[in-house]
Every structure is written in structure tokens, then in C-alpha cells.
Amino acid sequence: MRSVFSRFGLIVCILSVFILLNNGCSTEAPKTPAEVTVEAKPVDPSEPIFKGNAPTIEIKANGPADTVRAFYEALREKRFRQAIFLTNLRPAVEGLTDDELKEFQLDFESIAKYVPAQLEINGEITSGNKATVTAKLPNEDLDKEEIQQIKLRKQNDVWIIQTVDESAEKKIKQQGKNYFPALRIETHQDDAREMLDRVAKAQMAFSATNQGLYGDMNALINAHFLPEDIRSSESTGYLYTVSVSSDRHSYSAEAVPAVYGKSGKLSFKVEQDAKGQAHLTSRDGGARAAK
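Just so you know, we're using the working numbering here: the sequence shown kicks off at 3 and counts up by one.
Among the hints, erroneous ones may be present.
Calculated pairs, DSBU-like style, for lysine-lysine (alpha carbon to alpha carbon, straight line, at most 30 angstroms) [what the hints assert, rightly or not]:
| # | residue 1 | residue 2 |
| --- | --- | --- |
| 1 | 115 | 156 |
| 2 | 62 | 138 |
| 3 | 104 | 264 |
| 4 | 146 | 115 |
Everything labelled a hint here was simulated from the structure, so no lab data went into it.
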């Protein structure tokens, strides 16, 4: 179980975009790296987490390796729209206004800080309209750099990074600017369901070491059974409560969207039955609760 919440679905989806790129199929033809590189914002002057090394191969202008270089450069410099334009996630941001894109600023920034100051690109293989570039990037745990493959496809004489598979890309094209908001809701809801399941397990462990008594949220956090970020909706999108009876022999827990329709739609609740077994239910607004 994660010790902290993923920053909604961009860690689910964007991590695959920015760090562990998956195969997919391109859609609309993006601009060339030169065309999308608008005036850059200054790079955060703080010491980078990964320093990286200079490229070890010759990088040809507008080639696959150059596209990868431009992508990570834009990402590190927090030019997120320009970075995504170099991937097949482009349809998801094309219709977003600057203000709408800013809603995902924290999600992008949480990943951008891991981009090496100098990206080490050490391989490029091209076959027709497909290419594979190898580069040294942070691994899935973000604790060290590893050689990873980045898939690209040439469309309308432009190389674009393949971030998602055909099924996901079709969904992105259908949803357009609504894709990221919908993904955020879906992931927040999955996290909320998972967190309440964790609360139930935490209460079992807590009661086993406290003479059968249950704990409130603070007690469970202090016992290291729950993460600190359950207290805030900033990264979770949900408001959590853990209620304990006066004799501490029973409990319930609830998760409700911080902003209905934006951070989530479903509310979740864990309650105990007469035998003390925990059961999770969910509901949408005034809808009838269901498993």
C-alpha cells in the first residue's frame, strides 16, 4: 500500500509519460520541438535531485533523440503544455486554457523535480516511422537512475513520444480536454476506496495491541498505520473522518470529495456489522448506497 497518495492520476498516467514511458499510438500531428519551445521559464535554482550527464550520442535536430531531449527539457523548466505537445497525450491538453492547466500544476511539478539537469541520452534506433531512444532516467521508485527505453512514432514528418497504448489513446481523443479531469476523479476515488480499506486494516492492528480498543485518526497516524496526508485534501481530493464510539469498541470511517464533481463524485463509508466485521459502501450524491 502506498504510504502517500498518488497526486491523482497523473502519477498513474503521467509517471508513465514522464518516467516510465509505455507503448501507444500517436494521434494528431504535434509541432516540431523547435515550434513548441516558446519562451522558457527560469529553471528552479535549487540543487537538482538528479544531476545527470551530457548526451553520449550525436543528437540530430528534430530527430527522435532531439524530441526526447526537448520533452524533458520542457518538463524540467515547467513548460508543461509544450512537453505534453511532444507526446500522444496532446489531445488532452490542447483544449485546456492556461487557468485549467494550472489546476494540474502541483501534479506536474511533483514529477518535474526528478528530471536530471542534464539528460544522458545514450542510444537511438530508427526503423521506418518508429524509433526507440534510450536514456538514463529515474526508476519507478524515484531513488536512482536507470537506462530506460522511450518509444516514438513519426507522423507527418514529426517524431512524437508514445505515452499510452491504442486503447488509452482512443479514450483520450474521445474525451479531449475532459480526459485529465476525469482521470483525476477516477484515481481519487480509487485512492479513497483503498484508503478506507487501509483504515479497516489499521483498526484491526491497533485493537490487537490496545486491548481490543479502536483508535481515532490521530491515534492511527501516530501508530504509523495511516499516512499523514490523510489529514488534508490537497493531495488526496477527499476529506476523511474516523469516528470511534465512546467506549472505543466500535468505529466508522468516511471519505467524501473535497469538491464534488471535481475531485470526486463517490462518497465512501466503512461501518461494522453486529459481528464487528467492516463493510465498505459507496454512494453518489443521493443515490442508494451500494458495495
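Against the structure, the hints come out as follows:
1. 115 x 156: holds (29 angstroms)
2. 62 x 138: holds (19 angstroms)
3. 104 x 264: holds (14 angstroms)
4. 146 x 115: Given that 30 angstroms is the threshold and the Cα spacing comes to 14 angstroms, the pair holds.
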